[in-house]
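Enquirer: Sequence:
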Amino acid sequence: MVGLMARIRDQHGITLPQLNIGGGHAIAYRPGEEHLNISALAQRVRAELEDGCARAHLPLPRLTLEPGRAIAGPAGVAVYRVLAVKRTGTRTFVAVDGGMSDNPRPALYGVRYSPRLIGRPTTAPPRLATVVGRHCEAGDILADDVALPGDIHPGDLLALPAAGAYHLSMASGYNLIGRPPVIAVSNGTARTLVRRESQDDMNRRDVGL
1 MVGLMARIRD QHGITLPQLN IGGGHAIAYR PGEEHLNISA LAQRVRAELE
51 DGCARAHLPL PRLTLEPGRA IAGPAGVAVY RVLAVKRTGT RTFVAVDGGM
101 SDNPRPALYG VRYSPRLIGR PTTAPPRLAT VVGRHCEAGD ILADDVALPG
151 DIHPGDLLAL PAAGAYHLSM ASGYNLIGRP PVIAVSNGTA RTLVRRESQD
201 DMNRRDVGL
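First residue of the sequence shown: 1, per my numbering; consecutive thereafter.
What the hints contain is simulated information worked out from the structure, not anything from laboratory work.
Note that CB positions come from ideal geometry on N, CA and C, so glycine has one too.
Check each hint, because a few of them may be wrong.
20 Å max Cα-Cα, derived EDC-like pairs, lysine to aspartate or glutamate [unchecked claim]:
1. 86 <-> 145
2. 86 <-> 50
3. 86 <-> 151
4. 86 <-> 137
Restraint ranges, calculated between C-beta atoms of paired labels, are given here [what the hints assert, rightly or not]:
5. 187 <-> 207: 38 to 48 Å
6. 154 <-> 37: 21 to 31 Å
7. 187 <-> 20: 50 to 60 Å
8. 55 <-> 173: 50 to 60 Å
9. 186 <-> 37: 39 to 49 Å
10. 11 <-> 55: 29 to 39 Å
11. 56 <-> 192: 19 to 29 Å
12. 154 <-> 76: 41 to 51 Å
13. 127 <-> 48: 39 to 49 Å
Please model the entire structure based on the sequences and the hints provided.
Expert: And the structure:
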(Lines of atoms letter the chains of each structure in order from A; the text may use other names.)
(Lines give C-alpha, C1' and ligand atoms only; values in the text may rest on other atoms or scores of the structure.)
Protein backbone atom coordinates (compact mmCIF):
# COMPACT_ATOMS: atom_id res chain seq x y z
CA MET A 1 0.00 0.00 0.00
CA VAL A 2 2.86 2.38 0.75
CA GLY A 3 4.29 1.57 -2.66
CA LEU A 4 0.98 2.48 -4.28
CA MET A 5 0.91 5.76 -2.36
CA ALA A 6 4.41 6.51 -3.61
CA ARG A 7 3.42 5.82 -7.24
CA ILE A 8 0.41 8.13 -6.92
CA ARG A 9 2.70 10.85 -5.60
CA ASP A 10 5.25 10.34 -8.37
CA GLN A 11 2.72 10.08 -11.22
CA HIS A 12 0.10 12.58 -10.11
CA GLY A 13 1.84 14.82 -7.59
CA ILE A 14 -0.63 13.91 -4.85
CA THR A 15 0.44 12.87 -1.36
CA LEU A 16 -2.40 10.92 0.21
CA PRO A 17 -2.95 11.97 3.83
CA GLN A 18 -4.73 8.79 4.92
CA LEU A 19 -4.27 5.04 4.60
CA ASN A 20 -7.20 2.69 5.22
CA ILE A 21 -6.08 -0.92 5.69
CA GLY A 22 -9.64 -2.25 5.81
CA GLY A 23 -11.01 -4.94 8.07
CA GLY A 24 -11.50 -8.68 8.15
CA HIS A 25 -10.05 -9.08 11.61
CA ALA A 26 -10.74 -12.47 13.15
CA ILE A 27 -12.77 -13.16 16.27
CA ALA A 28 -12.96 -16.27 18.42
CA TYR A 29 -16.08 -18.30 17.68
CA ARG A 30 -15.10 -21.16 19.97
CA PRO A 31 -12.98 -21.48 23.12
CA GLY A 32 -9.27 -21.64 22.33
CA GLU A 33 -9.51 -19.79 19.03
CA GLU A 34 -7.44 -16.66 18.50
CA HIS A 35 -9.07 -13.25 18.61
CA LEU A 36 -7.98 -9.80 17.48
CA ASN A 37 -5.07 -8.49 19.54
CA ILE A 38 -5.29 -4.73 19.07
CA SER A 39 -1.93 -3.99 20.71
CA ALA A 40 -0.02 -6.55 18.65
CA LEU A 41 -1.71 -5.43 15.44
CA ALA A 42 -0.99 -1.76 16.14
CA GLN A 43 2.68 -2.40 16.89
CA ARG A 44 3.19 -4.49 13.77
CA VAL A 45 1.36 -2.11 11.45
CA ARG A 46 3.07 0.96 12.90
CA ALA A 47 6.52 -0.57 12.48
CA GLU A 48 5.83 -1.61 8.88
CA LEU A 49 4.28 1.75 8.04
CA GLU A 50 7.12 3.78 9.51
CA ASP A 51 9.70 1.68 7.67
CA GLY A 52 7.85 1.79 4.35
CA CYS A 53 7.22 5.53 4.48
CA ALA A 54 10.84 6.25 5.41
CA ARG A 55 12.11 4.26 2.42
CA ALA A 56 9.59 5.92 0.08
CA HIS A 57 10.24 9.40 1.53
CA LEU A 58 6.57 9.79 2.43
CA PRO A 59 5.12 11.49 5.51
CA LEU A 60 3.29 9.15 7.84
CA PRO A 61 -0.38 9.10 6.80
CA ARG A 62 -3.30 8.96 9.16
CA LEU A 63 -3.98 5.24 9.62
CA THR A 64 -7.55 3.93 9.77
CA LEU A 65 -9.01 0.45 9.88
CA GLU A 66 -12.47 -1.13 9.91
CA PRO A 67 -12.79 -3.65 12.76
CA GLY A 68 -16.51 -4.15 12.21
CA ARG A 69 -16.69 -7.88 12.92
CA ALA A 70 -14.30 -7.57 15.87
CA ILE A 71 -16.73 -5.09 17.46
CA ALA A 72 -20.14 -6.40 16.43
CA GLY A 73 -19.39 -10.13 16.49
CA PRO A 74 -18.82 -10.62 20.23
CA ALA A 75 -21.73 -8.28 21.02
CA GLY A 76 -24.37 -10.62 19.60
CA VAL A 77 -25.74 -13.93 20.87
CA ALA A 78 -28.15 -16.10 18.86
CA VAL A 79 -30.71 -18.03 20.89
CA TYR A 80 -32.37 -21.19 19.57
CA ARG A 81 -35.01 -23.49 21.00
CA VAL A 82 -34.42 -27.24 20.84
CA LEU A 83 -37.08 -28.98 18.75
CA ALA A 84 -35.88 -32.56 18.89
CA VAL A 85 -33.05 -34.73 20.21
CA LYS A 86 -32.00 -37.93 18.47
CA ARG A 87 -29.54 -40.34 20.06
CA THR A 88 -28.00 -43.10 17.96
CA GLY A 89 -25.33 -45.11 19.73
CA THR A 90 -22.56 -42.70 20.66
CA ARG A 91 -23.91 -39.80 18.57
CA THR A 92 -26.43 -37.18 19.61
CA PHE A 93 -28.20 -34.84 17.19
CA VAL A 94 -29.91 -31.74 18.51
CA ALA A 95 -32.33 -30.02 16.12
CA VAL A 96 -33.16 -26.36 16.74
CA ASP A 97 -35.75 -23.91 15.42
CA GLY A 98 -33.30 -21.96 13.26
CA GLY A 99 -30.42 -22.78 10.97
CA MET A 100 -29.15 -21.79 7.57
CA SER A 101 -32.00 -19.34 6.94
CA ASP A 102 -30.91 -17.06 9.80
CA ASN A 103 -27.22 -18.03 9.78
CA PRO A 104 -25.87 -19.43 6.49
CA ARG A 105 -22.20 -19.08 7.49
CA PRO A 106 -21.72 -22.68 8.68
CA ALA A 107 -23.17 -24.02 5.43
CA LEU A 108 -21.24 -21.56 3.23
CA TYR A 109 -17.87 -21.37 4.98
CA GLY A 110 -17.81 -24.28 7.42
CA VAL A 111 -17.77 -21.91 10.40
CA ARG A 112 -18.54 -23.73 13.63
CA TYR A 113 -19.92 -22.21 16.80
CA SER A 114 -19.83 -23.29 20.43
CA PRO A 115 -23.44 -23.43 21.68
CA ARG A 116 -24.23 -23.72 25.35
CA LEU A 117 -27.34 -24.56 27.32
CA ILE A 118 -29.06 -21.60 28.98
CA GLY A 119 -32.20 -21.10 31.00
CA ARG A 120 -31.83 -23.94 33.49
CA PRO A 121 -29.12 -25.50 35.65
CA THR A 122 -27.99 -29.06 35.08
CA THR A 123 -25.53 -31.49 36.60
CA ALA A 124 -25.78 -34.00 33.76
CA PRO A 125 -22.40 -35.05 32.36
CA PRO A 126 -21.56 -33.60 28.95
CA ARG A 127 -21.99 -35.57 25.78
CA LEU A 128 -20.72 -34.80 22.30
CA ALA A 129 -23.52 -33.57 20.08
CA THR A 130 -24.13 -32.15 16.62
CA VAL A 131 -26.49 -29.18 16.50
CA VAL A 132 -28.49 -29.09 13.27
CA GLY A 133 -30.98 -26.64 11.82
CA ARG A 134 -34.60 -27.10 10.87
CA HIS A 135 -34.07 -27.11 7.11
CA CYS A 136 -34.07 -30.18 4.91
CA GLU A 137 -30.42 -29.81 3.92
CA ALA A 138 -27.51 -32.07 4.87
CA GLY A 139 -25.29 -29.00 5.28
CA ASP A 140 -27.56 -27.29 7.80
CA ILE A 141 -25.20 -27.84 10.73
CA LEU A 142 -24.54 -25.10 13.30
CA ALA A 143 -22.07 -26.97 15.49
CA ASP A 144 -20.38 -30.36 15.18
CA ASP A 145 -19.03 -32.48 18.04
CA VAL A 146 -19.65 -29.95 20.79
CA ALA A 147 -20.10 -30.82 24.45
CA LEU A 148 -23.68 -30.34 25.65
CA PRO A 149 -25.39 -31.66 28.79
CA GLY A 150 -26.50 -35.26 28.35
CA ASP A 151 -30.01 -34.43 29.54
CA ILE A 152 -30.70 -31.85 26.84
CA HIS A 153 -34.29 -32.14 25.64
CA PRO A 154 -36.91 -30.43 23.45
CA GLY A 155 -37.83 -27.01 24.79
CA ASP A 156 -34.33 -26.22 26.05
CA LEU A 157 -32.61 -23.04 24.92
CA LEU A 158 -29.18 -22.94 23.28
CA ALA A 159 -27.12 -19.77 23.01
CA LEU A 160 -24.55 -19.26 20.24
CA PRO A 161 -22.00 -16.60 21.24
CA ALA A 162 -20.23 -14.35 18.72
CA ALA A 163 -23.27 -14.05 16.46
CA GLY A 164 -23.35 -10.27 16.15
CA ALA A 165 -21.70 -9.98 12.73
CA TYR A 166 -22.48 -11.68 9.42
CA HIS A 167 -25.33 -13.57 11.00
CA LEU A 168 -28.66 -11.81 10.65
CA SER A 169 -27.18 -9.56 7.96
CA MET A 170 -26.82 -12.69 5.79
CA ALA A 171 -30.20 -14.15 6.75
CA SER A 172 -32.78 -14.98 4.09
CA GLY A 173 -36.28 -16.34 3.68
CA TYR A 174 -34.93 -19.77 2.79
CA ASN A 175 -37.72 -22.39 2.85
CA LEU A 176 -40.08 -19.48 3.59
CA ILE A 177 -38.86 -19.29 7.17
CA GLY A 178 -39.18 -15.77 8.57
CA ARG A 179 -36.16 -14.05 10.04
CA PRO A 180 -35.92 -13.84 13.83
CA PRO A 181 -36.18 -10.64 15.87
CA VAL A 182 -33.25 -8.67 17.24
CA ILE A 183 -33.41 -7.85 20.93
CA ALA A 184 -31.11 -5.36 22.64
CA VAL A 185 -30.25 -5.94 26.29
CA SER A 186 -28.66 -3.20 28.39
CA ASN A 187 -28.36 -3.11 32.18
CA GLY A 188 -30.96 -5.83 32.53
CA THR A 189 -33.50 -4.11 30.27
CA ALA A 190 -34.53 -5.70 26.96
CA ARG A 191 -36.18 -4.00 24.02
CA THR A 192 -36.94 -5.01 20.45
CA LEU A 193 -34.78 -3.46 17.73
CA VAL A 194 -36.07 -5.56 14.82
CA ARG A 195 -39.36 -7.45 15.08
CA ARG A 196 -39.78 -11.03 13.98
CA GLU A 197 -40.62 -11.50 10.31
CA SER A 198 -44.13 -12.91 10.03
CA GLN A 199 -45.82 -14.99 7.36
CA ASP A 200 -47.82 -11.89 6.44
CA ASP A 201 -44.55 -10.06 5.80
CA MET A 202 -43.46 -12.77 3.41
CA ASN A 203 -46.85 -12.94 1.66
CA ARG A 204 -47.08 -9.16 1.23
CA ARG A 205 -44.86 -9.23 -1.85
CA ASP A 206 -47.08 -11.72 -3.66
CA VAL A 207 -49.08 -10.04 -6.42
CA GLY A 208 -51.31 -13.01 -7.20
CA LEU A 209 -52.88 -14.11 -10.46
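Enquirer: Each hint needs a verdict: does it hold in this structure or not?
Expert: Now the hints, each set against the structure:
For the hint linking residue 86 to residue 145, the alpha-carbon distance of about 14 Å falls within 20 Å, and the restraint holds. In summary, the hint linking residue 86 to residue 50 is not supported, as the alpha carbons are separated by about 58 Å, beyond the 20 Å threshold. Between residue 86 and residue 151, the direct Cα distance comes to roughly 12 Å. Compliance with the 20 Å bound is thereby established for this hinted pair. For a cut-off of 20 Å, the pair hint linking residue 86 to residue 137 stands: about 17 Å separates their Cα positions.
For the hinted restraint 38 to 48 Å between residue 187 and residue 207, the CB-CB distance of approximately 46 Å keeps it satisfied. The hinted window of 21 to 31 Å between residue 154 and residue 37 is violated, with their beta carbons roughly 41 Å apart. Separated by about 34 Å at the C-beta atoms, residue 187 and residue 20 break the suggested range of 50 to 60 Å. Between residue 55 and residue 173 the C-beta distance comes to about 53 Å, which sits within the given range of 50 to 60 Å.
For residue 186 and residue 37, the Cβ-Cβ distance of about 27 Å falls outside the hinted range of 39 to 49 Å, so the restraint is violated. Checked against the hint of 29 to 39 Å, the C-beta distance between residue 11 and residue 55 comes to roughly 18 Å, which is inconsistent with it. As the Cβ distance of residue 56 to residue 192 is approximately 52 Å, the hint placing it in 19 to 29 Å is violated. The hint said 41 to 51 Å for the Cβ distance between residue 154 and residue 76, and at roughly 25 Å that hint is violated.
Checked against the hint of 39 to 49 Å, the C-beta distance between residue 127 and residue 48 comes to roughly 47 Å, which is consistent with it.
The structure does not agree with the numbered hints 2, 6, 7, 9, 10, 11 and 12 stated previously, though it agrees with the rest.
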